[in-house]
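Asks: Going line by line, the protein sequences match chains L and C.
Each residue of the first sequence is one higher than the last, beginning at 1 in the working numbering.
Each residue of the second sequence is one higher than the last, beginning at 1 in the working numbering.
By construction, these hints were calculated from the structure, which means they are not laboratory data.
None of these values were measured; they are calculated from a predicted model.
Think of the CB as a built atom: it goes at the ideal place given N, C-alpha and C, for glycine as much as any other residue.
Check the hints yourself; a few may be wrong.
[Claimed, not checked] To give an idea of the interface, some chain C residues facing chain L are shown, with a C-beta separation under 10 Å as derived from the structure:
no., residue
1, Ser80
2, Val90
3, Ala337
4, Ser349
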Amino acid sequence: MKIKSININGFGKFKDKSISLSDGLNIVYGNNEAGKSTTHTFIKSMLFGMKRKRTKAQSDTLTKYLPWGDNMNYEGTLNFSYNGKEYQIHRIFSKDEPFLNIQNLTEKNKNIINPEMYLHRVLNNLSIDSFDNTISIGQLKTTQDKSIIDELHKFIANLNTSGNMNINIISAINFLKNKRDSISLNLKSDANKIYNKQLGNIKIIERELSNKNYENKLPELLQKKASESRKINSNNDEIEELKQQNIEKKLMLESYGFTSKEDIDTLSKQANKIYFEYKPIMNTNKLFSNCIINVVLITIGIIFIVLSFLFLVVTYPDIATILNVNNAKYSLSGITSFILSLPFHPIILIGIFICLGIILIIGDILLLFNNYQNINKSNEVRDVLADIFNQHINDDEVSEENMLLFKKHISSMKKISKSVDESEARINLLTNENNTLLKNQSDVDDNIKSQERLQYDVEQKYNELYNLKNESEKIKQEISNNENINKEIESIDLAIETINNVANDIHVMFGTHLNKSTSSYLSALTNNKYDSLNVDDNLNVTLNYEGKKISLESLSTGTIDQVYLALRLAISDIICFNKEKLPLLFDDCFAMYDNDRLKSTLEFLHNNIDTQIIIFSCHTREKELLSALGLDFNYIEI
Amino acid sequence: MSDIHIGMSPDTTMFWSDDRALDIKETFANVIKKCKEEKIDFLLISGDLFNHQPLTEELNFVNDLFKTISDIKVIIIAGSSDHIKSNSLVLNYKFADNVYYFLDKTEYSFKVSNKLVVIHGFSYYSLEDTTPIINSITPENDNYIHILLAYGGDKNHTPFDINKLDDKNYSYIALGSKHNYEVLIDGKAYYSGSIEPLDSNDIGDHGIIIGEINPNTKRAHNIRFEKMSKVSYIPVNIKINGSNSEEDISEIVMNETIRYGLNNIFKIKITGYRNPDIEITRDIFDEKIRIVELTDNTIPKYDFIKLSSEHPQDMIGAFIRKMISRNDNLSDIEKRALYLGTHALIKTSENKD
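Let the hints inform the model, and build the full structure from the sequences given.
Replies: Written out as structure tokens, the structure reads:
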């Protein structure tokens, strides 16, 4: 590509200004403030357009080069040749509606369909930044000797590792490392540990909670307590009722003089005994028969006595005389004969008879006495019995029926007494049961209390569990944050690693190529004084000078400039490798050169560089030297 | 209603989480107020009233509110979250007289004779319950109105057969377990959804279902959804372009969220191209905005192909080519590395302007 001419309608201080350029060497001369950089910027802007800068702080090129004066068109054209054809770029600069059109002048001013893309291709896909770094060549930024070396050193290092003077992989990597460090600060390294610990705690609490001890037995216990209370109450009711009944029964028993079961037994036994004693004498017939026996016995006794008298008289008539019983003499003759017939003395019989008679009479008297006593006694007994009967069956007659009634009464009394005993036993049983129940109740109460305490524990544990779960959710979030951070770190590390790898590749491939190309330019520029440039793995730069390695630090400023120029030319070559070359723009590059060096440099550029060269200068030295050398060039003064 | 999840703090890790826990309680109180205004007969709670085993404090909270609607019968079943355990405090809790809580494992119905209504239901006793118990409960064909409270419906939570359910003699089926309102059988079976949205999936309005049952036809009618929720999860999709600055994006989001109301919770998704110099993080937005999800799908406005061709010889181009050639489909980490590396190289390069 070669720039043929530019036509500025309005751009900065320029209005309707045209400049024609030749294909070879062009010198654009002007004093300071004459508009060299405006021209330079115009060319750049025609090629790349004007983009608004992202950062607001820097002044905007678009605003900076607004045409001076009113009603000026902020536009221009640039003619160039490319692949043997001529084209014209027409741009109108505007913030809102920038205009770009390219016409093919060779082919009937045909408009190029996609001018932006076309231009991009013409410019070898160069961005405006790359343009600045390569084909637009300025001075080294600093003029101090030491810094100039550093700067050049940096450029060479950058070029060797990144292929671009301005791309410093060390700062890029540091930038990434800083980023990594700052996000690493947000890593919660112990989040996983805490999370696992919390999960462990959660499990422990959950296991504790599933313990059978923590089962809610309250409904059951309360039910039990209620049913036991009901039982106690019903027992108490029964006890009360039984007690009342017993009081009544006891009163009844007491009304019959019974205070104990033994009393009844005693009375019953007594009554029976009396009755049985009384029973034989109770009967009047028997008493009568007793009387008969007594009379019979006495009679028999008297008969015996009489008979013994009779015998006595018979035996001893004297006695009869005495007794004056002669009358009986005859009547007794039978008896006398009888007695006299006895084989023993009659006195014996008389004695026996008297004895028998006396015994019988005495016995009877005794019997009578006994009977009397018996009657007396039976009366006493009967009275006792009558009393008892009177008291108990309301009838004092001592009779068999009453005895039966009495027995009935006694048996009913016994029943009552027994039922009192049974009731008391029942009362005792119920009381005992109640005592047990009450004791149970207090146990149940204790149970309920301890259940309630357990419930409280359960509640506390649940609370703790929920808190832990909430906490663990938060930690989980931290863990996921950590994961994201780790991913970011992984990305950063991958970027760093890739940059390092690429740097190595560049150093091996591009660096070698660049150094070779630079070396050949340098050698030509210095008339073979310095024949090669070496960059080692540590990016130390040395020049070969008559077979010796010279470090950058020991070079003169002029040589440094030459190295720099050689470097720039080499890069431009590489950029345009296999493509149509782009023009080279030199912006006051040679201010520091002495005449000899400038002369040889211009000669070199004119003879060795086969592309369009545009040198902006505020000196007339270039023109003079080139004229003196007799080299053809296009001179433009603005 | 269902799935109230009292005791839950939605979005646990977010700053508004505590407020949301309060919102749930307040909305529950509002529902009770609403019940009173509407003079309803029955309040059916189909599970997950509580987010976990209820604590005494939580039981007291709901019970005190139930006491204020003593004319309304409150019927409750336990769901998966608050399933009844052997140590549950609810077992011996003394609810107000108008509250019936299905606690008995074997009792599946509750008769309200003065209203001629039988309420069928059963509580959960474990986190999951795969027995299709609902299929086996069949209301009698009598003069009563039959209502069913059921929790679940998926394969791990009492699965049931919709057709069978429809055939049964229920006038209404109140379902729980889903957090979003859903009609299962029109006019008959509904998931009321939670009264407040509980996580970022619960998009849309949340509330309760109010309806009537005609005692003669025994059919439900006038069934309507009533919004009760204070807050919604709102997805906001924002498209930006490379010229938007962080401030621009922050402002766009601010305006958008103010439009919906700042008490809502936002799921923000940003697409489009972004200026490579900015990073979209939570920090660039106003801290008042409740952002539960921030998805940055923006592409840094690097044209890698163009950059690569603009830098044919140098690190930027070589780096891009190297990264791109790693894989046919770059992983997220590789994409990010491509961006980070390119960004670092461009950021640190020393341009004259």
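Asks: Decide, hint by hint, whether the structure agrees.
Replies: Status of the hints after comparison with the structure:
{"no.": "1", "hint": "Ser80", "in the structure": "violated (16 Å)"}
{"no.": "2", "hint": "Val90", "in the structure": "holds (9 Å)"}
{"no.": "3", "hint": "Ala337", "in the structure": "holds (4 Å)"}
{"no.": "4", "hint": "Ser349", "in the structure": "holds (5 Å)"}
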